[in-house]
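Since the structure of chain A is provided, determine the placement of chains B and C on it from the hints.
So you can see what is in the structure, the chains are spelled out below.
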Amino acid sequence: MTAGSTLPREAVTTASRAPGDKDPVRRRARRFWTMRRRDAAAGYLFIAPQVIGVVLFVLVPVGLAIVYSLNKWNIFTGRLSFVGGANYAALAADPQLPSVLGATAVFSLGVVVLNIALGLGLAVMLNRRFHGVTFFRTLFFSPVVISVVAWTLVWGFLLQDNGGINAVLAQLGIHGPNWLQEGPTAMGAVIVTQVIRSVGVNMVLFLSALQGVPSELYEAARIDGAGSRTIFTRITLPLISPTLLLTSIITIVGALQAFAQIAVLTEGGPALSTTVLVYYVFQQAFTFNNIGYGSTLALMLLTFVMLLTVLQWQLRRKWVFYEH
Amino acid sequence: MNTAKKLAGAAALATAAIVALAGCSASPAAPAPTTAAPNSVALRMTVWTSNEAQLALFASIADSYKATHPEIKSITFESLPFADYNTTLTTQIAGGNAPDLAWMGDLSKDLIASDALLPLTPVLKDTKGWGYDDLLPSATAEFSRDGQLYAYPFSNSPYALYVNKDLLAAAGQSLPAEGLTWDQVSTIGAAVNVATGKAGFVIRDFDFSAWNTLATVWTGWGASAWNADGTKCTFDDDKMVGAFTFLHDAVYKHSAMPGPGTKADFFAGDSAFTVAQVSRASLLTGSFGYDVVPLPAGPAGTYSVIGQAGMGVLRTSAHPQEAGSFLAYLTGPENSAKLSQFFPSARKSLLSGEKLAANNTKLTAEQLQSVVVDQIPGAVTLPNHTSPAEIAQKGKTALDAMWKPDADVEKVLGSVCSAISPLLAK
Amino acid sequence: MSTDTLPASGSRIPMPTAPPAGVRRPRGAVARRIVLYVALAVMAVPFIVPTIWMIASSFKPLDQIFASPPSIFTASPTWDAYVQAFGFQPFARQYANSVYIAVVVTLLVLLVSSLAGYAFARLRFPGQNVLFLVVLVGLLVPGEVTIVPLFQMFKGVGLINTHWPLILVTALAAPCVLATFIMRQFFIALPVELEEAARLDGLGRLAIWWRICLPLAKPALSAVAILTFLASWNLYLEPTVYLTSPDLFTLPQALTRYTDAYGGEMWNTQLAAATMTVVPVLVVFLVAQRQFVEGLAHSGLKG
Chain A
0 MTAGSTLPRE AVTTASRAPG DKDPVRRRAR RFWTMRRRDA AAGYLFIAPQ
50 VIGVVLFVLV PVGLAIVYSL NKWNIFTGRL SFVGGANYAA LAADPQLPSV
100 LGATAVFSLG VVVLNIALGL GLAVMLNRRF HGVTFFRTLF FSPVVISVVA
150 WTLVWGFLLQ DNGGINAVLA QLGIHGPNWL QEGPTAMGAV IVTQVIRSVG
200 VNMVLFLSAL QGVPSELYEA ARIDGAGSRT IFTRITLPLI SPTLLLTSII
250 TIVGALQAFA QIAVLTEGGP ALSTTVLVYY VFQQAFTFNN IGYGSTLALM
300 LLTFVMLLTV LQWQLRRKWV FYEH
Chain B
0 MNTAKKLAGA AALATAAIVA LAGCSASPAA PAPTTAAPNS VALRMTVWTS
50 NEAQLALFAS IADSYKATHP EIKSITFESL PFADYNTTLT TQIAGGNAPD
100 LAWMGDLSKD LIASDALLPL TPVLKDTKGW GYDDLLPSAT AEFSRDGQLY
150 AYPFSNSPYA LYVNKDLLAA AGQSLPAEGL TWDQVSTIGA AVNVATGKAG
200 FVIRDFDFSA WNTLATVWTG WGASAWNADG TKCTFDDDKM VGAFTFLHDA
250 VYKHSAMPGP GTKADFFAGD SAFTVAQVSR ASLLTGSFGY DVVPLPAGPA
300 GTYSVIGQAG MGVLRTSAHP QEAGSFLAYL TGPENSAKLS QFFPSARKSL
350 LSGEKLAANN TKLTAEQLQS VVVDQIPGAV TLPNHTSPAE IAQKGKTALD
400 AMWKPDADVE KVLGSVCSAI SPLLAK
Chain C
0 MSTDTLPASG SRIPMPTAPP AGVRRPRGAV ARRIVLYVAL AVMAVPFIVP
50 TIWMIASSFK PLDQIFASPP SIFTASPTWD AYVQAFGFQP FARQYANSVY
100 IAVVVTLLVL LVSSLAGYAF ARLRFPGQNV LFLVVLVGLL VPGEVTIVPL
150 FQMFKGVGLI NTHWPLILVT ALAAPCVLAT FIMRQFFIAL PVELEEAARL
200 DGLGRLAIWW RICLPLAKPA LSAVAILTFL ASWNLYLEPT VYLTSPDLFT
250 LPQALTRYTD AYGGEMWNTQ LAAATMTVVP VLVVFLVAQR QFVEGLAHSG
300 LKG
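Chains as they are written, first to last, in numbering that gives the first Met the number 0: chain A, 0 to 323; chain B, 0 to 425; chain C, 0 to 302.
Chain A on its own, in the form it takes in the complex (with noise of 0.2 Å):
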């Protein structure tokens, strides 16, 4: 456009109409590739690779797993055979089954109760500023950095009965257990190893978290005479409420889902004090080879892990304060 000359007001407001343009299917694009349908686009086009992701490696599999559980399957020729519902009446019916249930119940909940109050437990203690308290920070959260395998290998070296944890306990004068032959103890072991690995993770979200509570809230209540218990379970609890919330659902669907320490530390072990509901679906598709019953008891545990974090979620109306 030349400086100064006089254009039709057409021309300077609709900016689909270039000088020269005259082609009508152009003008029509430009027309119907609004701001909006062009984000709408760029909408589709950026979740894609996620969306294709999930469904691809996640639901279509899911269904695959329903379609495998209503078969036998021979691994050796592959060949799969119907069965219906065979699958799902010997999971009524098999003997291990309730014992694996009652161990998962048990890690989970240890490892949910433990990593929470330790968690928060450290918070509190590292919330003030002191000499150090980045030092010890550092070294509560160092053990997440660690690889699992290497973790639960070192632990179960110190878990020998000759191995390291006994020896000290000798020089006090204790018989230690044979830790990982004995199975409240191998529970326990598994259990501790696996809080002390990624309460880090927790403890850091909720010091974050109590950073967050305003100061004045726990002068004012300190002017009203109130203790420190108090405050604690009055204001402090209630006030980092959405922490608690998530950090029990991270942890559990974690816990369920704990597989390589068990492999490594125990291996289901001793008898079946350890196999929890996700090392019993590895034992019976790849050790037993038992890929339909196998893929049964996936889909049970993947129904624990929805009613789980479905159920938690919707506490959150009665358990959870504040929410912005």
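Keep in mind that the hints were calculated from the coordinates and are not lab data. Hints are not guaranteed to be accurate.
[Unchecked claim] Incomplete in silico selection of chain C near chain B, CB under 10 Å:
{"id": "1", "residue": "Phe150"}
{"id": "2", "residue": "Asn160"}
{"id": "3", "residue": "Thr243"}
[Claimed, not checked] Computed from the model, here is a short list of chain C residues facing chain B with C-beta under 8 Å:
{"id": "4", "residue": "Lys154"}
{"id": "5", "residue": "Gly157"}
{"id": "6", "residue": "Ile159"}
{"id": "7", "residue": "Arg256"}
{"id": "8", "residue": "Thr258"}
[As the list claims (entries may be wrong)] Below 30 Å or equal to it, Euclidean Cα-Cα: the simulated BS3-like pairs (lysine-lysine) are:
{"id": "9", "chain 1": "B", "residue 1": "Lys425", "chain 2": "B", "residue 2": "Lys262"}
{"id": "10", "chain 1": "A", "residue 1": "Lys71", "chain 2": "B", "residue 2": "Lys238"}
{"id": "11", "chain 1": "A", "residue 1": "Lys71", "chain 2": "B", "residue 2": "Lys403"}
{"id": "12", "chain 1": "B", "residue 1": "Lys108", "chain 2": "A", "residue 2": "Lys71"}
{"id": "13", "chain 1": "A", "residue 1": "Lys71", "chain 2": "B", "residue 2": "Lys395"}
{"id": "14", "chain 1": "B", "residue 1": "Lys252", "chain 2": "B", "residue 2": "Lys238"}
{"id": "15", "chain 1": "B", "residue 1": "Lys197", "chain 2": "B", "residue 2": "Lys403"}
Here a beta-carbon is modelled for each residue, glycine too, at the ideal position from N, C-alpha and C.
Showing chains B and C alone in chain A's frame:
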């Protein structure tokens, strides 16, 4: 948009399912005559040994085969770690990456029952000079079905009783001139334990976990884990009760056998006796005086037990005919003699004390004659069945109750049967 | 979903203020301080001693590993276990495998999740809430449920015993979904004015994302990068299922393979290999620990 997404999803599901099912069905092809072009066939055999000497021997045999068979491009021996051999091989097969030939131990029953192996009898019989009648029937029983051999038993290693003569002398004990029984082993072992604090007898590899190795003991009572065709559990019959009562007393009454959690390594000099395969003789260091004798007799008389390993051709192989020919060559009379320095052969012609001693530095010809040659013909194998891993695990879980001081032997054995019967019935 | 207002990017976790200088602390406070230190030190033992023991034991000769009385240090340190670790398996190769897979996965996740997170936060398109829920489902499905079907799918295209399943599935499924969630939270909290100005200037969405939003998203991106790297580094079930050639193994898988011919553990070799796995990541963490911790704290995960 939602409907389109649903349809797309269903299509993807259907496609994936079809791909999955099609991708894994095997076609049992009949071996076709060799019309392969020169230098076109690559064969792979999975093995569980990483012993340099053994692998070198295989390589040299492969080289001489290639020299006379131009169609072969290469023959590789892939060493899979021993501890997960079964799982790794299964994953290879399931993943469409199966080898042409494979070693197999307790996985053999599963493979044979699933029709995953090529029948070898025609191939071996047709190979000139192979000598099919040279094979011992007792060695081929485990790997045959309906008169067809599916895996060649290349290693047949009998179990024997190793004796630490120094420890016996230290306890003032000695073996009877002949007719050693389990009761005597237990008594001598208990005496050694009292005198020296070392263990009496140890069933190596059992470790209170792998209970199938206890067949080296219970066969002396005439017991077995299940009946001949593997459909009925016989763990709870009187003979087995007798055998386990003996073992339980040995641990908790006489202290002749160490209990769970106590490790004693015979080859390090920690026990007076051990039951182990003859092939373990390579672990003897000569730091103590030793002898190797056949297994003691039980109430049912003398007996022998062997541990076997087979090698077979997988039907999914791209070159089943060439693989079969190579297996026939590898196990022919000339090469079997070479292999027998590591793996006791199933061929009658190779079973003599002198022949075995020619390559054995630890055991004398007489010892080999009595513990190997005389034992193989009438031997039974360790219990084998389809679904071995699951049976092992369920059996072990039930049997764990046995290893407590006040265990009720009969009741525990009954619970073992309840645990594994469903699997036997399959 | 609660939309917390995040502190501006780059800020540290605020510390409670100390008492002004010159004020004498009451005597009880010193005692309480000492008690705190002791309590923390005692609690720290199970967090730090295993790592120290692992490193120290990797230098011990095999017969001293289970020595009693126990000692951290040995009189005769040796590199034997380290040499053996490399000789027993192609350990260097396996190390490289773990590293390159983790790097590739992290880069892919950064790309995919920041795009998807931005779209879910800023763009309006029909069905976006449903699609977001569909994506979230990816977080809830355990890997053990999908592994067998995925195995069959990859077998159908001949990708078993390659690294492709490890890279593709990790980069697009669970760890990526968490990353998308984090990025979305972050972008929601970002002030809109900058972008609106850019849009009036005629900038397309992609350019806005690349030139304006990404540079501002550094804390969230670093949190995502750390979480994803660790998730990929820690993969254990997937390599065990898909890979059968030792040359292709990743570190967690390789660490559990140090067993001798009869299944007995080779303790000192395992510890040496574990040390080599742990120490580099630990060193990086110690150097960058502030970013680690604060990235996580500001990730939006606290609700």
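Structure-based check of all given hints:
1. Hint on Phe150 (chain C) holds. Least Cβ distance to chain B is approximately 7 Å, under the 10 Å limit.
2. Nearest Cβ of chain B to the Cβ of Asn160 (chain C): about 6 Å, under the 10 Å cut. The hint holds.
3. Because the smallest distance between the Cβ of Thr243 (chain C) and any Cβ of chain B comes to about 5 Å, under 10 Å, the interface hint for this residue holds.
4. The interface hint given for Lys154 (chain C) holds, since its Cβ lies 5 Å from the closest Cβ of chain B, which is under the 8 Å cut-off.
5. At its closest, the beta carbon of Gly157 (chain C) sits 7 Å from a beta carbon of chain B; the interface hint therefore holds under the 8 Å criterion.
6. For the restraint placing Ile159 (chain C) at the interface with chain B, the shortest Cβ-Cβ distance is roughly 4 Å, inside the 8 Å limit, so the hint holds.
7. Given hint, Arg256 (chain C) at the interface with chain B, holds; its Cβ is 6 Å from that chain's nearest Cβ, closer than 8 Å.
8. With a least beta-carbon distance of about 5 Å to chain B, the hint placing Thr258 (chain C) at the interface is held under the 8 Å criterion.
9. Between Lys425 (chain B) and Lys262 (chain B), the direct Cα distance comes to roughly 37 Å. Violation of the 30 Å bound is thereby established for this hinted pair.
10. Taken as a hint, the Lys71 (chain A) and Lys238 (chain B) pair is broken in the structure, with Cα atoms around 37 Å apart against an allowance of 30 Å.
11. At most 30 Å may separate the alpha-carbon atoms for a hinted pair to count; Lys71 (chain A) and Lys403 (chain B) exceed this at roughly 38 Å.
12. For the hint linking Lys108 (chain B) to Lys71 (chain A), the alpha-carbon distance of about 18 Å falls within 30 Å, and the restraint holds.
13. Proximity of Lys71 (chain A) to Lys395 (chain B) is assessed by CA-CA distance (about 25 Å); at most 30 Å being required, the pair is judged to hold.
14. Taking the CA atoms of Lys252 (chain B) and Lys238 (chain B), the gap is about 20 Å. The hint holds against a cut of 30 Å.
15. Restraint check for Lys197 (chain B) and Lys403 (chain B): satisfied, since their Cα atoms lie roughly 21 Å apart, inside the 30 Å limit.
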